[in-house]
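In case you want the letters, here they are:
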Amino acid sequence: QKEVEQNSGPLSVPEGAIASLNCTYSDRGSQSFFWYRQYSGKSPELIMFIYSNGDKEDGRFTAQLNKASQYVSLLIRDSQPSDSATYLCAVYRGNQFYFGTGTSLTVIP
Amino acid sequence: DTGVSQDPRHKITKRGQNVTFRCDPISEHNRLYWYRQTLGQGPEFLTYFQNEAQLEKSRLLSDRFSAERPKGSFSTLEIQRTEQGDSAMYLCASTLSGTALIYNEQFFGPGTRLTVL
Numbered sequence: 001q002k003e004v005e006q007n008s009g010p011l012s013v014p015e016g017a018i019a020s021l022n023c024t025y026s027d028r029g030s031q032s033f034f035w036y037r038q039y040s041g042k043s044p045e046l047i048m049f050i051y052s053n054g055d056k057e058d059g060r061f062t063a064q065l066n067k068a069s070q071y072v073s074l075l076i077r078d079s080q081p082s083d084s085a086t087y088l089c090a091v092y093r094g095n096q097f098y099f100g101t102g103t104s105l106t107v108i109p
Numbered sequence: 001d002t003g004v005s006q007d008p009r010h011k012i013t014k015r016g017q018n019v020t021f022r023c024d025p026i027s028e029h030n031r032l033y034w035y036r037q038t039l040g041q042g043p044e045f046l047t048y049f050q051n052e053a054q055l056e057k058s059r060l061l062s063d064r065f066s067a068e069r070p071k072g073s074f075s076t077l078e079i080q081r082t083e084q085g086d087s088a089m090y091l092c093a094s095t096l097s098g099t100a101l102i103y104n105e106q107f108f109g110p111g112t113r114l115t116v117l
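If you read the sequences in order, they're chains A and B.
When we follow our numbering, the leftmost residue of the first sequence carries the number 1, and every step to the right adds one.
When we follow our numbering, the leftmost residue of the second sequence carries the number 1, and every step to the right adds one.
Just so you know, these hints were derived from the structure itself, not from any lab.
All values derive from a computational prediction rather than experimental measurement.
Among the clues, some could well be false.
[What the hints assert, rightly or not] In the BS3-like style, the derived pairs of lysine-lysine whose C-alpha atoms are separated by at most 25 Å in a straight line are:
hint, chain 1, residue 1, chain 2, residue 2
1, B, K71, B, K57
2, A, K67, A, K2
3, B, K71, A, K42
4, A, K56, A, K67
5, B, K11, A, K67
6, B, K57, A, K2
7, B, K57, B, K11
Please build the complete structure, drawing on both the sequences and the hints.
Okay, structure coming up:
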């Protein structure tokens, strides 16, 4: 079983809509959870992290964590064409970061 | 610029040659990670340093790969006798780690894209 699983997509949403990205993790010992955005040919850019159950909001982004279900999500409100990228979910456990394969998001103007 | 930097950004080499990459982390960060990323995959852990000590190395890492972090500052990753399968983006990331910190924000450098012909 993979440490972190994401739906690879592609996910397409119209401009202005809410994009919902999901991630599950296998180890209950995972301590903190991260969302990165990666444009094609570029390195990952940290968007948000969360480590407590519930929601965390930062501008148009909301991260949600449910440790009982081992589930992390990222909501992007008012999606913009510039949000088109691959979104990587990562978990931190045992001094290591484990990454999913990413979900490709396309925002259609 | 106070972010993570990597050099070179691109490297093209012939099979069998040795290559070395450099990473300069964010200055106050005590932990440095190396990853490899291929198309369609997430970053794959290679190794990490806490200050100058290399604490963990992936079992996937062959003995052709070696990394150092002298004096706990910049780090180098060397690949000896490169193979075509080594072609990938090599990413460096740094974080501030401590017992009081449970979230360990990790920041990536721009990466070094290696092409082995």
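Hint check:
1. B:K71 / B:K57: holds, 19 Å
2. A:K67 / A:K2: Since the Cα atoms of A:K67 and A:K2 sit roughly 17 Å apart, the hinted pair holds (cutoff 25 Å).
3. B:K71 / A:K42: Violated, at roughly 29 Å.
4. A:K56 / A:K67: Holds, because 14 Å separates the two Cα atoms, which is no more than 25 Å.
5. B:K11 / A:K67: violated, 42 Å
6. B:K57 / A:K2: holds, 19 Å
7. B:K57 / B:K11: holds, 23 Å
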